[in-house]
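S.K.: End of the sequence shown sits at 142 in this note's numbering; the numbers just go up one at a time, nothing left out.
Fair warning: there could be bad hints in the mix.
[What the hints assert, rightly or not] Computed beta-carbon distance windows for the label pairs:
| hint | residue 1 | residue 2 | range |
| --- | --- | --- | --- |
| 1 | Phe133 | Thr19 | 35 to 41 Å |
| 2 | Gln21 | Val129 | 20 to 26 Å |
| 3 | Gly107 | Gly75 | 17 to 23 Å |
| 4 | Gly127 | His34 | 19 to 25 Å |
| 5 | Ala55 | Phe133 | 17 to 23 Å |
| 6 | Asp132 | Thr84 | 32 to 38 Å |
| 7 | Arg52 | Gly107 | 19 to 25 Å |
| 8 | Pro123 | Arg43 | 34 to 40 Å |
| 9 | Pro87 | Tyr36 | 19 to 25 Å |
By construction, these hints were calculated from the structure, which means they are not laboratory data.
Backbone N, C-alpha and C fix where the C-beta goes; we use that ideal spot for every residue, glycine too.
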Amino acid sequence: MPTPLRVSECGTLWHGTEQVEHPGVRSYCFRHLYLDPSQQRYVIMDRARRAVAVEIADTAYTVRTLVEDSSAGAIAILNDGTREPFQVTTVCSTLDGYFYCRVKGGHLARMLRPAIQAISPWIEGDVSGDFYLVKEGRSS
Numbered sequence: 003m004p005t006p007l008r009v010s011e012c013g014t015l016w017h018g019t020e021q022v023e024h025p026g027v028r029s030y031c032f033r034h035l036y037l038d039p040s041q042q043r044y045v046i047m048d049r050a051r052r053a054v055a056v057e058i059a060d061t062a063y064t065v066r067t068l069v070e071d072s073s074a075g076a077i078a079i080l081n082d083g084t085r086e087p088f089q090v091t092t093v094c095s096t097l098d099g100y101f102y103c104r105v106k107g108g109h110l111a112r113m114l115r116p117a118i119q120a121i122s123p124w125i126e127g128d129v130s131g132d133f134y135l136v137k138e139g140r141s142s
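Please build the complete structure, drawing on both the sequences and the hints.
M.R.: Put into structure tokens, the structure is as follows:
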């Protein structure tokens, strides 16, 4: 039986007990990562359409951090090494304090601590204890 591939809570790719460190291998795996709708699981699909299941601890993608871009606003840097415009309107949080947003055309991504710290200036609270994400005068 092949050693399973998995993505940890922090977005690290593992092959069994070994972290996948080679940038080319890691990039290949994430570039070919697809959600199999019939099985509701992620797989890595090669050109011959052979699929290898990937165990996902929380989300397949994580937002490692955000950087400001004068023309595009905030840019999300993802665990697969790609960058894309950060969609502030997709941010949500859980009762246990984890933040998520949408990336790559709708995939849910867990936001890691540096990304949460980057949006902390945009978080405001009210007297009831509810919190809101406010960016450029708009609340989300």
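S.K.: Please go over all the hints and tell whether each is borne out by the structure.
M.R.: Tested hints:
Taking the beta carbon of each, Phe133 and Thr19 are about 39 Å apart, inside 35 to 41 Å as hinted. A hinted range of 20 to 26 Å is violated for the C-beta pair Gln21 and Val129, which are about 46 Å apart. One distance hint, 17 to 23 Å for the beta-carbon pair Gly107 and Gly75, holds here, with the actual separation near 18 Å. For the hinted restraint 19 to 25 Å between Gly127 and His34, the CB-CB distance of approximately 42 Å leaves it violated.
For Ala55 and Phe133, the hinted distance range of 17 to 23 Å is not satisfied, since their beta carbons lie about 37 Å from each other. Asp132 and Thr84 have their C-beta atoms about 33 Å apart, which keeps the hinted 32 to 38 Å range intact. The hint said 19 to 25 Å for the Cβ distance between Arg52 and Gly107, and at roughly 24 Å that hint holds. Distance hint for Pro123 and Arg43: a CB-CB separation of about 37 Å, consistent with the stated range 34 to 40 Å.
The beta-carbon spacing between Pro87 and Tyr36, approximately 22 Å, falls within the hinted interval of 19 to 25 Å.
Hint compliance for this structure: hints 2, 4, 5 are broken, all remaining hints hold.
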